[in-house]
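First to last, the protein sequences are chains A and B. As numbered in my numbering, residues 1 to 487 make up the first sequence, in order. As numbered in my numbering, residues 1 to 487 make up the second sequence, in order.
Keep in mind that the hints were calculated from the coordinates and are not lab data. Incorrect hints may have been included.
The list makes no distinction among identical chains, and a pair is therefore deemed to hold if it is satisfied within one copy or across any two copies.
[Claimed, not checked] Within a straight-line C-alpha distance of at most 27 Å, the following computed DSSO-like cross-link-like pairs (lysine-lysine) qualify:
#	residue 1	residue 2
1	221	265
2	148	94
3	94	383
4	265	127
5	453	383
6	94	127
7	94	265
2 protein chains.
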Amino acid sequence: MTRETPRLSEQDEAFDAVLTLPDPPIADQPAEDLEDLALGDDYALNPEYVEMVVDAADRNDEARLRELLDALHSADVADLMGFLTAEYREDVIKYLDSEVLAEVISELEDDLREEVLEATPSAALAKALESLDSDDAADVVDDLEDDKRAEVLAAMPEIERAAIESTLAYEEETAGRLMQREVVAAPQFWTVGQAIDHLRTEGADLPELFFDIYVVDPSYKPVGAVPVSHLLRAPRTSGLAEIMEAVTEVTAEMDQEEVAYIFNKYHLISAPVIDAGGRLVGQITVDDIVGVIREEAQEDILALAGVSDAGRDAGVGDIVRSRLPWLLLNLLTAAVSVSGVALFQEEIVRLVQLAVLMPIVSSLGGNAGTQTLAVAVRALGAKEMSAANAGRVIGRELTVGLINGLALAAVMGAAVFAIYHKPLLALTVSLALIVNTFIAALGGILAPLALEKMGRDPAVSSSIFVTFLTDFSGFFAVLLIATLLHA
Amino acid sequence: MTRETPRLSEQDEAFDAVLTLPDPPIADQPAEDLEDLALGDDYALNPEYVEMVVDAADRNDEARLRELLDALHSADVADLMGFLTAEYREDVIKYLDSEVLAEVISELEDDLREEVLEATPSAALAKALESLDSDDAADVVDDLEDDKRAEVLAAMPEIERAAIESTLAYEEETAGRLMQREVVAAPQFWTVGQAIDHLRTEGADLPELFFDIYVVDPSYKPVGAVPVSHLLRAPRTSGLAEIMEAVTEVTAEMDQEEVAYIFNKYHLISAPVIDAGGRLVGQITVDDIVGVIREEAQEDILALAGVSDAGRDAGVGDIVRSRLPWLLLNLLTAAVSVSGVALFQEEIVRLVQLAVLMPIVSSLGGNAGTQTLAVAVRALGAKEMSAANAGRVIGRELTVGLINGLALAAVMGAAVFAIYHKPLLALTVSLALIVNTFIAALGGILAPLALEKMGRDPAVSSSIFVTFLTDFSGFFAVLLIATLLHA
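Bound conformation, chain A alone (with noise of 0.2 Å):
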């Protein structure tokens, strides 16, 4: 909500007037013009603005390419960045003031961040972290190679040095690299109208944005909190402890998934970090937390199919590289599942039906287990399920499978016995049919489990092992049921 806000209204003035008067050429049209042009209807940046940056960009006009640049807000800067090739980047830079510029590289992703943070000069680069919240700034210093942090650093006032030096002090992906050391506190004995005075007057000293006061005893324990919504509307003579309600801390150390958690449960907009003492050193804002909850979701998108995301902008080897170990490790499961099929050559032979049955069995208990998997992992996320009902959620699991498998083998054992007429064999697919899917069940809710229950991500390699156990008990139930049947 700053000044370079696009308006995405469709009734916006500016809007209105480009309706209503003959379109001028593209290159003539006003910067009021532009922010309504920069955003297509799906709100995302329009491929043409991208194609007019480019374009300035090659005519070397920087007039055009700071009005172009101006009219969009820092979070569309950095995505018109990656829409953008190296040397196009480069040019955008050059034309962003140190505060825009501080803004954008907090909105990149990792891998252009990295790329924008080495073509900036250190000093320049200490003046626009200044402007961010210590939260922002610390993830920025915390992707800076060593030597050009600490230049970074020391070209930095103490004070600010010292709250990202702190920040960075707790792990990677805990509430004390999420929260920013800002925070409004105040005394239990404080009324009102003392509050909302101290506000006024320490203004400078605030968070640019804030939605509870904390209440904190002598020790600078948070004992209450104050939304600022309450604080306006109740008399001056209120005091602090009369009105305000119970909070829900977070410990510096927590898990950023579990702070996700406890905001999306509890509907918390800030919730005040305490360190292992219980006293008050930051506040975690919901913004923060929805960044956490996209990433968290997305994680599991990608862990579920064996692939971590190289970013928008990687190269074709860190592609390869975040892909080609799974792959590999999918050919070592395959081959040790058709090893068993090799035991049974002969049985392939007298029956070459078998080898073209026999993928479709594994390939439904694949699907069937993929689908129990997914479900799992979404409970777990979720904390739908725990010890409390796990004895009833696997049941109903295992039911499901069976009635799954049955209805699957009634259709298949059908078809087998339209196509070939022969009745053993299509016994032999029903059956395989059944005791695949039921494994699949079996697999698809045991492995999140047990996964979770190690401590591990659910997510992360449930789908390599499900896979694994349905195509290897595919095959083999097949071949052993048909050798059993001599069918």
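We have chain A; now place chain B onto it with these hints.
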């Protein structure tokens, strides 16, 4: 942040007392300690606490049950419901007072909520709903059966009924449904002092919590916003028009996923909602958005796995219905895939190792395709991919597919040659792997892009298409290359 908010800090005084005093028998612990017992280290409800509730219900111990429930935040009571069977849930509902019941109902998932709504008399429900914000109340009313909905609405005061009915007039999953009608607006010519005095005198009619005051023109169109924390800091004589900031509006018809994107991108805490005429009709606050972001991400996880979540409390029948259609569709595509194999049965009889190796080629193609797909779905969701960079991304994915294919082919070719000593067989499998990994990359990137282009959700139905493609091309490539090479 209500009275029931549990204290989550381990440094809590009551918690210290539990640690230093000898443990009294569980049944005798005072209510203070119950708050600490309720939540585990991971801030989820303790399974032991669920046991205590069940135990109290079994003993018909009303006082104890009430005590156990009083110690819980309404979000935790909702959680508790999820872990109980229907019969125990009814015991719990009996002892909740109307305001808490309203909050619990609003926290419940759909399937549980319907059950609880059926069990609650219309008059009690109408009373409970009055204490909720208009968006939450409308959400609950929307879940009522037609008869009961009419009864409940008839029993509510006119003003609340009108608010709920006009919220329900908006489509599901739009900003209109998410917004609350309670909003603080002020005319442009007011000073800070006038605004503060207004807030203090009109306290009762204001939203329970608010974070921004929207400045409106005479036709009630928002022209700016003043964060409450800025209002508090500014001199009383400043005009609102001087200190207001540009505002990011959302239209009432906007899809909730777009709203979430905007909140995340611009780090918004609240946003004014405007109608088609540009007039202020409500506001959306970020705590509503946190829920939307979680939901949308979870929908993607489940869609990629080909399953819709039937919910924590769903019966076996519901779950089978949510999964079997997808499995039957997979059975069909798998049957089509292997039908190619049937054409080459003689080839398999001649060289039975093909039956062993084919599934590996298909399976690796499937894995590679799923990796590409997951990354593409994530990038599309984050709007990191658009016409501006689609060509570049596609080119990069195909290059990665080719490199991964070459690497896998080298490993597998060498292994096949070492085991079977058949150079042509090794060559066949290697070539087939390269072809299939490339096709997987092609399908994995083009399928979601095509769905997105058609305005469909790229997570839904991409994965079945990609699996079908890689299964089919895996089998076909192996058998066709083997035939051509006379392997």
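Comparing the hints with the structure gives:
1. Within a single copy, residue 221 and residue 265 get their C-alpha atoms as close as 24 Å, which meets the 27 Å cut-off; across copies the closest is 34 Å, which misses it.
2. For the homomeric pair residue 148 and residue 94, the shortest alpha-carbon distance inside one copy (20 Å) is at most 27 Å, but the shortest distance between copies (64 Å) is not.
3. Taking identical chains as interchangeable, the C-alpha atoms of residue 94 and residue 383 lie at most 27 Å apart only when they sit on different chains, with a minimum of 25 Å there against 47 Å within one chain.
4. Taking the closest pair of Cα atoms, residue 265 and residue 127 come within 27 Å of each other only across two copies (24 Å); inside a single copy the shortest separation is 39 Å, beyond that limit.
5. For the identical chains of this complex, residue 453 and residue 383 are intra-copy neighbours only, at 13 Å inside a copy versus 35 Å across copies, given an alpha-carbon limit of 27 Å.
6. In this homomeric assembly, residue 94 and residue 127 come within 27 Å of each other (Cα to Cα) only inside a single copy, at 15 Å, whereas the closest approach across copies is 61 Å.
7. Within a single copy, residue 94 and residue 265 get their C-alpha atoms only as close as 44 Å, which misses the 27 Å cut-off; across copies the closest is 23 Å, which meets it.
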